[in-house]
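Chains as they are written, first to last, in this note's numbering: chain A, 1 to 239; chain B, 1 to 257; chain C, 1 to 295; chain D, 1 to 330.
Calculated from the structure, these hints are not laboratory results. Don't be surprised by glycine CBs; every beta carbon is placed ideally from N, CA and C. Accuracy of the hints is not assured; some may be wrong.
Only pairs whose alpha carbons sit at most 27 Å apart, straight line, appear in this in silico BS3-like list of lysine-lysine [stated by the list, open to error]:
(1) D/Lys213 - B/Lys169
(2) C/Lys94 - A/Lys76
(3) A/Lys188 - A/Lys122
A short, non-exhaustive set of chain D residues, derived as facing chain C with CB atoms under 7 Å [as the list claims (entries may be wrong)]:
(4) Pro114
(5) Ala126
(6) Ala129
(7) Phe257
(8) Leu300
(9) Ile305
(10) Pro308
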Amino acid sequence: MTTASATPLIAVSELAARYGHIHALHPTSLYVAPGEFVTILGPNGAGKTTLLRAITRLIASSGHITFNGRDVTGLKTHQLAELGIIMAPEGRGLFGDMTVRENLVLGAFKAKPGELSGRLDKVFTLFPRLHERLDQIASSMSGGEQQMLAVGRALMADPKLLILDEPSLGLAPRVASEILSTLGLLNKEGLGILLVEQKAPLALKLAQRVYILSSGSIQAELPTNQIKSYHDLARYYFH
Amino acid sequence: MTLLKVRNLTKRFDGLIANKDINLDVPEGSLFAVIGPNGAGKTTFFSMISGFLPSTAGTIEFDGHDITRKPQDQIAALGLIRTFQLVQLFKGMSVAENVEVGCHLRTKGGVASALFRPSWFYQQETEVRDRARELLDFVGLSAQSEQDADLLPYGQRRLLEMARALAAKPRLLLLDEPAAGLNTQETDALALVIQKINAQGTTVLLIEHDMALVTRIAQRIAVLDFGRKIAEGTPDEIKQHPDVIAAYLGVEEAEHA
Amino acid sequence: MPSSVELIQSLINGVGIGLVYGLVAIGFSVIYNASGIVNFAQGVFVMLGGMFAHTLLTTLGIPIWLSAIVSTIAVAGVGILVQILIITPMWVRKAPLFAIILATLAIQLLIEQIIIITLGDQPRTFPSFTPGGPLKIGEIALGYQLFWILGCGALMVYALTQFFNRTRMGRALRACSQNAEAAALLGIPVNRMLMLSFALSAALGAVAGILITPTQYTAYSVGGPFGINGFIAAIIGGFGSAPAALIGGIVLGVVQSGAIVFFGAGFKNVVALTVLLIVLLFFPNGLFGGLAKKA
Amino acid sequence: MTSPAITSTRPTIKFDRISVILWIGAAVLFAGVFAYGGYLITVMQLAMIYGVFCIGLNFFMGYTGQASFGQNAFAAIGGYGTAILCVQYNMEPVLALVTSMVVAGVAALVVGYPTLRLRGHYLAMATFALGLITYDISVQWTSLTQGYMGYAGIPPLGIGSYTIEDERMKLVCLTVLALIGLWISQRLRNSRFGRALRAISGSEPGAAALGIKISRYKLIAFVIAALYASASGSLFAHTVGFISPEVFGLHMVVVTFTMLYVGGVGTIAGPLVGAIVASLLPEIVRSTGRFQDVAYAAILLLMLIFAPKGLYAVGDLFRSRKVDKPETRA
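Pulled out of the complex, with its shape left as it was, chain A reads as follows:
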């Protein structure tokens, strides 16, 4: 592993998880350097979602996790969130019966009252559409708007590391690339991002480094500038 000289933002070692008797994730190690944009690619059913759920401790998992050099292995999901590890989960995880405003405010659950308006303004700059829909019920919005809300809500928590699970799922290509380019913008401001995606080109444009996950373990780790054409990747999909 080409460990960066600086302390990684997050480093996961030998993380493994199982559902009952099924090994959904074989021991896996990966890291994200501060300010880095890392993408995990892999076909359907490769264990990408399981990996993210194991990192955020939504499922019981073995292995070690350090965050900013600190051992956070024993912490629970909400404690990791307090440290700044924020995930927008698969399927967006919105509070569907609540308004856009309520969803956003809940994102800043740990914020001090004074910080709220500043964070809201920042989210509205990135996603002006959320500002227009402030009092709409979340579940009544279009898929793209819901995904914006999911990302916006995660940003309200002031993440140090933003984890996203297939934000493009079910979205029209134009909307998906709009959301992903916003992520690129955030990364340029120094936010560490770990993105799981199935559709390669969008994610490759943004990421500095790519892990390829298949059958529950990491098959390859590549800097994106070494991927010459998407046909290099296609073999992981079509063999």
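Position chains B, C and D against the provided structure of chain A, taking the given hints into account.
Showing chains B, C and D alone in chain A's frame:
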């Protein structure tokens, strides 16, 4: 001869269109695959065919019978048997018993015969057990036949579910992402079993995202994306199809290619 | 046929007791929404509220308003204990549904027996919060306590609605009920929220018990009937919002009171349970559809 | 009938070490109770009666995987049917028992058809309501049930002029009946019918995909459970000679669920084992005097917390999986 005939099948959930005007003809005896990326509507499509989800519009015809919106057990009785993406084994029953349940449609008897046990009861039980043994042999699980089904490793659960479905002697076997969560060896073992099933005359309709598996074993492939059928053809045609590559690798692929 | 005065009188009483059912129903919904558990022991919180308040009031001579507050807090504490000691351990061990239901029934049995041993098995009551009455409107008599029930009930529902919609904790609790995983990913401590939901629903039960005791009586055994009626009210209301549960309670209270007039006191539960079955079979999502959203 | 098929039929009872110890224990217990006599005989009589109830409950909950908190309603039909037919109409006890079972079965069919569409908590609650309604009716419909007073002077079981009066003989008779009940339930379990029920319990979608008519099978299982409940209600009436609404009240629900839980839901001998153990438990905690019920509830809660899947599941921890293959050991 066409065994399964799907016409303009459509499904809407609260305004969201999951399937839109899908047409499909599965010839008798074929090994047919439906592929597509995550969220393309494959499982919705499957659930409508097998009666687990009512369709919004369109018709489904199986072996000359109209099965649109028919209850699951009636569809199964016609010989259309499905498996599940999340394996639905019968917890608390042994591996062999799971397969014995599969014989339900091909056997008879209720409370009275169970209680009074006429001689045909014993004969039928023997047949059921023999059939289960045979099928477990076929998928390679005979060594585990007395184990609790929930103790099986994942790959073997898939095989068991398949053996169980075969016990119902299906005309058409629907397999919902049979390779999901399997490792390479398990996938290979599974591919062999599917090919053997097909070679013995059972029509197989397979939903799968593992392109490698599908292109290897399927005779014909249909591709779904955003709930629509975007392509259909032989594996080689599908591999070259620009829309298919775009659907799997993303929209900009077309520019790069 | 009953006279119209008799009928109106009983319907008014029905509204009073219905409000109490409604409070219990809200208690059911709060826990169910936060955890998916139906706490069949909800009724004992009603019983404990009345018993504690009575003890503080008559044995220790503490004024009624202070007795009420102290008892409510104490019962909320009992609720938290139930959650920490029994519900969470079973939850963590993935106990089957029937085991959890059986456990909540056992909790009811246990608490009832502890009350018999410590406070005795005699029914008891305490006077209406304000002396005097009843207020006469023509031939119809309205006890002062009825106004307390109406006032406090309305106040509680208002306060709850404000809590759920306006406060950080209330919103977090709603968030947990809609998507506990997403809530945890935003830093909301889900288990502590579950504890809060037990405290809240126990407190609601206690308030209901304190309010209703002056109009009838309390004893170790009143928990069962209140729990069942509260659950029926929750089903009618559809486990959704606090106002819906309250309306469910009032519907039930009025129907029961009417049934007493027409069929006699003995059949009030038969009528209530028949209402429950009808609602379950014909409106599986509750009259206000709250359950549909959970599914 | 000793065809090869019979020898290859899967054994209904697994002869592993724990089962053997259990059966020996039961035999010793019975011998002891028999010799000691007195109050323990009554305890064991009741255990057998509850055992019959639990075998039926196990059929519905354990094999079919559906929760019913209202089987006491059918026990009440059995108990009151027997009492009314015997006391008011001088019917033969056995005939009264069978007639009541028919009534209970029809009632289950009528009630179960709409109710069994519900699932989980809602099925539990709806059935719970059925039990409570039956209780209230048995209290209120005094012209039929004599209200709280109940029925006394119900004759003991017997045929014609021969009646079983001796307490020891009653126990033997009840034990034989309970074992026959268990045997019948085993025959039903180990058949195409029983397999379909257990498949429904394991996975409803899986069962439906194989052509099993789920609602019909659930309804049949519900009726069978009601027949057992009714029989146990009648047996109670004949054995004790007296019934009142309290006998079939909420208490019966908690007690029978405890028994089934203790014995192990879905296991073969669980209902009977649980009925015996849970009947003896209050006798053991009786020494705690007025804390008896507290102790009972506390023990139950501790068991539920630490062995949420039943005490049988604790036994499973000590059981080697290979022992599940009796044929190779024989």
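Here's how the hints hold up against the structure:
1. Of the pairs offered as hints, the one joining D/Lys213 and B/Lys169 holds, with about 18 Å between alpha carbons and a cut-off of 27 Å not exceeded.
2. Pair hint C/Lys94 plus A/Lys76 holds up; C-alpha atoms about 19 Å apart against a cutoff of 27 Å.
3. Note on A/Lys188 and A/Lys122: the hinted pairing holds, with a Cα-Cα distance of about 15 Å set against a maximum of 27 Å.
4. Proximity of D/Pro114 to chain C holds as hinted, the smallest CB-CB distance being about 5 Å (cut-off 7 Å).
5. Residue-level restraint check for D/Ala126 holds (minimum Cβ-Cβ distance to chain C is 5 Å; threshold 7 Å).
6. Satisfaction of the interface hint for D/Ala129 is found here, the shortest Cβ-Cβ separation to chain C being roughly 4 Å, below the 7 Å cut-off.
7. Hint status for D/Phe257 relative to chain C: holds, with the closest Cβ pair at about 5 Å, below 7 Å.
8. Because the smallest distance between the Cβ of D/Leu300 and any Cβ of chain C comes to about 5 Å, under 7 Å, the interface hint for this residue holds.
9. For D/Ile305, the interface hint holds, since its Cβ comes within 7 Å of a Cβ in chain C; the closest pair sits about 5 Å apart.
10. The beta carbon of D/Pro308 is positioned within 7 Å of a beta carbon in chain C (closest approach about 3 Å), and the interface hint is therefore held.
In the structure shown, no violation is registered for any of the earlier numbered hints.
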